[in-house]
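S.K.: Each chain is listed here by its residues.
2 protein chains.
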Amino acid sequence: MSRPILYAFHVSSCSWRVRIALAHKKIEHDIRVVNIVNRESRSPEYMSKVNPAGQIPALEVNGNVIAESLAILEYLEEVYPQKPLLPKEAIERAKVREICELIATGIQPLQNPKVAARHSTETEKRLEWTEYYINRGFIALEKILNTTSANGKYCYGDSLTTADCVLVPQVFNAIARFKLDMTPYPKIMSIYNSLMKLEEVKLGHPDNKLS
Amino acid sequence: MSRPILYAFHVSSCSWRVRIALAHKKIEHDIRVVNIVNRESRSPEYMSKVNPAGQIPALEVNGNVIAESLAILEYLEEVYPQKPLLPKEAIERAKVREICELIATGIQPLQNPKVAARHSTETEKRLEWTEYYINRGFIALEKILNTTSANGKYCYGDSLTTADCVLVPQVFNAIARFKLDMTPYPKIMSIYNSLMKLEEVKLGHPDNKLS
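Protein chains in written order, with the UniProt record's numbering: chain A, 1 to 211; chain B, 1 to 211.
Bound conformation, chain A alone:
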């Protein structure tokens, strides 16, 4: 198997999801920086050679490209089973995937700054839009995490899972970018704080510029 190549950028929250998994599983890989701020990910070259959807992350393995971060996480779990990021029982795996999907479909796409910018040119209206969708998702997430991890450190008890890979960048966005009041979400914050202590999480922090 060839060494995987990750197409990523340091401020991309969906890249961070995958970078946590790669670091956790200690998978050696190369990185190709794709600048999403200057729209390099929408360039004809990137879209024709890597990902027709014009997005990162994308993972190239043996000449094939996998796009979409949750699909990449599942692939890594299947091909690199060491330090698993999914529990063993089907029902437990389902609950972890439910958390991933709640964030990946119910929050992330709607709080995306480009989507908010399409909604309105006014800063205040954009922020109101973003806050609405993050809060709507976090209210549900807080309840779900109180059942999947009543006394646990992470999203599903004390083992790191793909749900944690997806949670971290979303909470980071809420706090650092949108200054969201996290008081109503003590469980989410407690898990986030535990996760931010881990080396595999810190590595992909948006402050660490990729080169």
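Simulated from the structure, these hints should not be mistaken for laboratory data. A couple of the hints might just be wrong.
Straight line, CA to CA, 27 angstroms or less: simulated DSS-like cross-link-like pairs of lysine-lysine [stated by the list, open to error]:
no. : chain 1 : residue 1 : chain 2 : residue 2
1   : A       : Lys26     : A       : Lys88
2   : B       : Lys25     : A       : Lys49
3   : B       : Lys49     : A       : Lys88
4   : A       : Lys143    : B       : Lys114
5   : A       : Lys125    : A       : Lys179
6   : B       : Lys179    : A       : Lys88
7   : A       : Lys25     : B       : Lys88
8   : A       : Lys125    : B       : Lys114
9   : A       : Lys49     : B       : Lys153
10  : B       : Lys125    : A       : Lys26
11  : A       : Lys25     : A       : Lys88
12  : B       : Lys143    : A       : Lys88
13  : A       : Lys179    : B       : Lys114
14  : B       : Lys83     : B       : Lys153
15  : A       : Lys49     : B       : Lys143
16  : A       : Lys143    : B       : Lys49
17  : A       : Lys83     : B       : Lys88
18  : A       : Lys114    : B       : Lys143
19  : A       : Lys88     : B       : Lys88
20  : A       : Lys125    : B       : Lys88
21  : B       : Lys49     : A       : Lys153
22  : A       : Lys114    : B       : Lys114
23  : A       : Lys49     : B       : Lys187
24  : A       : Lys114    : B       : Lys125
25  : B       : Lys187    : A       : Lys88
26  : A       : Lys114    : B       : Lys202
27  : B       : Lys49     : A       : Lys187
Chain A is already provided as a structure; the job is to place chain B on it using the hints.
M.R.: What follows is chain B alone, placed relative to chain A:
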């Protein structure tokens, strides 16, 4: 194992995804109708007993509830391996999941009528919003399907996969609800037309009221 209970509604596109899989795998189940039009899915009872996110579908198995349609599809695939909806090889499974996720994160949440209604009270602006996001996703999808299924009937060659479960309701929405011009998407349309001939797909059609 107890008989699964699916919480669903006939006009819910995400319920349709799961209903295709249940029908394809011939999994006996019960249905509980949750009316999303009159906001039954947002009732305190449903949100406290079934899904804190206030959404359908949800699948109850042995007293546990799994929410989020892709998580349910993965669960069904693991627990009911008959008539598989994912290919055998990891890279092929990844490509199928990539298609699922492209639609489930990149199109469906953004074209949701409630999101469009939050964007604007004007019908024309809502439609413009919806069309923008469906077209953006379909442009990428058309290219991807031309590689994953250059000569195939369905999204990944000639075998039904979870990608088909997710494609059908999205194309149906585009055509029936939003009257989108599908001329630029011959591959998507050819796959959709093949799929709409299947009994397991027709069963969950929004015209077939659940009771």
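S.K.: Hints numbered earlier in the text: which of these fail when held up against the supplied structure?
M.R.: Violated hints: 2, 6, 10, 12, 20, 25 and 26; rest satisfied.
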